[in-house]
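These protein sequences, in sequence, are chains A and B. The number in my numbering is simply the position in the first sequence, starting from 1, with 304 added. The number in my numbering is simply the position in the second sequence, starting from 1, with 304 added.
If you're looking for bench data, these hints aren't it; they were derived computationally from the structure. Treat each hint with caution, since some may be false.
[As the list claims (entries may be wrong)] Pulled from the structure, derived: some chain B residues nowhere near chain A, Cβ distances all over 12 Å:
{"no.": "1", "residue": "Val533"}
{"no.": "2", "residue": "Phe544"}
{"no.": "3", "residue": "Gly551"}
{"no.": "4", "residue": "Ala793"}
{"no.": "5", "residue": "Ala805"}
[Claimed, not checked] Footprint (simulated), chain A over chain B, 3 or more residues, beta carbon under 8 Å:
{"no.": "6", "segment": "494 to 505"}
{"no.": "7", "segment": "625 to 639"}
Predicted model, so just to flag it, every value in this text is computed and none were measured. Note that CB positions come from ideal geometry on N, CA and C, so glycine has one too.
There are 2 protein chains.
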Amino acid sequence: MAGNTSEKLQQLRQILAEVTDLNRAAMLLEWDQETYMPAGGVQGRADQLSTLLRLSHVRFISDEVGRLLESLEDEVAGLAFESDEASIVRVTRRDYDQACKLPPDLVAEIARAGSVARPVWEKARHDENFTLFAPYLEKNVELNRRIADALGYKDKPYDALIDRSEPGMTTAELAAIFAELKQAIVPLVADIARHSEAVDDSVLYRGFDPDLQLSYALDVVKRLGYDLVRGRQDISTHPFSTGFGPGDVRITTRVSRDFFNECLFGSIHESGHAMYNQGMSTEIDRTPLWDGASPGVHESQSRLWENVVGRSLPFWRHFYPSLQAVFPEPLRGVDVTAFYRAVNKSQPSFIRVEADEVTYNMHVLLRFELENELLEGTLKVKDVPEAWNTRFKSYLGLDVPNDREGALQDIHWSFVSFGIFPGYTIGNLISAQLMEKIRADMPDLDAQIEQGQFATLLSWLRKYVHRHGRKFTPNELLERVTGKPLTAAPWIAYVQKKFGALYGLQAAHRS
Amino acid sequence: MAGNTSEKLQQLRQILAEVTDLNRAAMLLEWDQETYMPAGGVQGRADQLSTLLRLSHVRFISDEVGRLLESLEDEVAGLAFESDEASIVRVTRRDYDQACKLPPDLVAEIARAGSVARPVWEKARHDENFTLFAPYLEKNVELNRRIADALGYKDKPYDALIDRSEPGMTTAELAAIFAELKQAIVPLVADIARHSEAVDDSVLYRGFDPDLQLSYALDVVKRLGYDLVRGRQDISTHPFSTGFGPGDVRITTRVSRDFFNECLFGSIHESGHAMYNQGMSTEIDRTPLWDGASPGVHESQSRLWENVVGRSLPFWRHFYPSLQAVFPEPLRGVDVTAFYRAVNKSQPSFIRVEADEVTYNMHVLLRFELENELLEGTLKVKDVPEAWNTRFKSYLGLDVPNDREGALQDIHWSFVSFGIFPGYTIGNLISAQLMEKIRADMPDLDAQIEQGQFATLLSWLRKYVHRHGRKFTPNELLERVTGKPLTAAPWIAYVQKKFGALYGLQAAHRS
């Protein structure tokens, strides 16, 4: 690089560092709000967050950033695509253009709409009264259309929203993938339902001391590779992971005496997110590259550890003896296979966040379809509950008893955020697509897991995924690592094989 | 106020709100650093803090603030001195001028010097090697002189530094007060030393379960009036209180199984600070008025609750039965009077932060004298240990065994902060000066305390001290409330009476 480039890049990095610091401070304020903040702090915290995020936004969309990007784009043209320098310029440009395309009035209106709709959504959900919430969802649909118009799109308005959260992905690409999923999973779900008695998960409800669950979960994630010198675990209502830089990436979890899965699998899930952040190259710290490639890729890391590793038989062959030592009473008379089967029970249920591996993507498919139709105008807001319930019956075979357990369950529609849900399914698919490649590279993976050795797996993920941060789009990353863009086949094969075996299904569904 | 004034004031308040939000976010980052942050977070946190504080400083010293102040000063001229509007303009002007007078280069040099000196001080203290630290203290002295020159002063350079932390106070005023203290306390300390066997505090070292201590302390401060809906208690190495606005003012404490005083009196001390912030008018929130009138006035609130209330016999008449119920073993055979005497044992010791009520101010006097002489050039840095030890012997009768327990004990001299120490003594004096007036207004105070009723006392403090925040300087506040500026007499009378009785001393020392 020419000396001149270095100097301009230095200037850009300084601004980006400042923007990152403001955002990270805001993230700590949010972490605190979910973990330790006293109730009285709500109003003051809202003020502080709004100030920090406004200052960060203003600084980022400044003309200075635009000018620096322009001259840097010429100057990094000769550098390798994957070099830090070229990637910082390329990804910052993408963020910058998107941020600048949204008029400040629209941004303010979105923020306002969200804070107005949130309490109404809470009341509507509590009262099981969709009509109360409908006008706010109308507004949300309108604002999402305006966002799509401001950002621009070639084909469908949803393209703009998808591209914003999963860069490079299109509605058509996702629609094809969801169609493939629907075709494979709906019959699998029905088949499992016919054999539901094959798996008994009653052991999970026998009562597990909460403090012991918390310390056991922390011990497990530490052994998976979550670095507690650069992290910690706290309690919050909704578990999450958040990172304030390479040296401080935290997880939260929750714990229920009456249901075992919540704490341990919640902790493993969040540690999967956290290990992603802990594995990012420090060279890209305090730049827009220091984050997950997309919410979907981030979710692939949490799902890989939670489900593909944490709900596998080799994993439990390793951990079950120590779990039994900690919880001798509730686990009495339950052997490792029975326990492995219990934590994998699949059963259609109404609430997305409680769904099992097999049914989860059907919840997402439903929302993907409804969001699209709302945006296109082919579905009216007032008809959402009926559309929800009809499709729910068709995909998962259940009659939705009320909107609290149906169309009102997610917080997402109370703020302006269409295009987020697909990330959850993308995460599931990527976890299986990566795992296919990992198994090819590490034929003894199961043996390693059974011996409690996770370092090679984590190193693989660091090398091929973590360290790059946002350098590559999801499909760029997948093509580099697996030779293919996002595909549903590995995940379908994975669940058909795993659940076919668990439920003793016909091979027809397993091919 | 004219509509125009309102609009300009609105503009000023908006900038001040933004500055406050940045500062409060920084304070949360600091709170987190002391309580929960993993070790790996140090470097990232330093970056974030530096960004937030720089942005807050730049925003505050902007020309816009200067212009708004100028036009507002004319416009609030007709308003009452104590009105929110006039006070915001007046106090913001004071802060603004001080902030603008310090050249950015000097500010940067101060920050750099502090971060360079800190680890050297730690090593020097650990190694008991003053020579190692001497060059950094030289630099500190030089920078303090440059601060004084930049801020300006009439009489002595120390005036500028004192005025910066205790607005309106002068070196001469403090020197006279310290002289009075020295004359009264040195003989009292000597007299107590001759009767040291009169008070037995061995009960405090009998072993108290840490968790029970923490919950007991939290219960006590709640009953004093610390509002936990707007606060919380955590653990940190050095206890502190910090407020992010009227709805969120937190305390930290520490706990030792082997020494009872640390946790409970630490919690009461910090809750005194916290109740001050919780009592500030919400009308002045997000302005420079929302804070203590000075570090000294802030300390008066913590000392009043910790010592004047919390180490009083009526206080223990109320609380001792419940304390005995929580700790039956260590308190067996110790009656309330014996316990009251134990928590009040006075004994010269080397470390300021562990000093008792009587000896504490002598530690401060020593530092006040040395800082002054260093600034004036009448004391050389290399001679500090000798000067320290000689004076320590003369004020407290002890031979300092090494510089770790002498001139190297405080962190303060590792950053640039002369003029801070006097605030601790000012706090002690104000607590007694206020209490004299409180007793005149509430003749049944002791009876109320003995019944565990603290609401009237807290209301009094809210009305006369808390709600005003920084509206008045320390002496303005004292003159309004007690009719006099800062005076040592009430505190001297208080300790002579209390410790004269505790140690059975001659009345000569008690007049």
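Hints, one by one, checked against the model:
A beta-carbon of chain A is positioned within 12 Å of the beta-carbon of Val533/B; the least distance is around 5 Å. The beta carbon of Phe544/B sits about 15 Å from the closest Cβ of chain A, which is more than 12 Å, so the claim that it is off the interface holds. With a least CB separation of 3 Å from chain A, Gly551/B falls inside the 12 Å interface cut-off, contrary to its annotation. At roughly 39 Å from the closest C-beta of chain A, the C-beta of Ala793/B stays outside 12 Å, upholding its exclusion from the interface.
The beta carbon of Ala805/B is kept farther than 12 Å from every beta carbon of chain A, the shortest such distance being approximately 41 Å. Against chain A, the segment 494 to 505 of chain B contributes 0 residues with a C-beta closer than 8 Å to a partner C-beta. That does not satisfy the three-residue criterion, and the hint is violated. Residues of the segment 625 to 639 of chain B with a Cβ under 8 Å from some Cβ of chain A number 0, which does not satisfy the need for three, so the listed coverage is violated.
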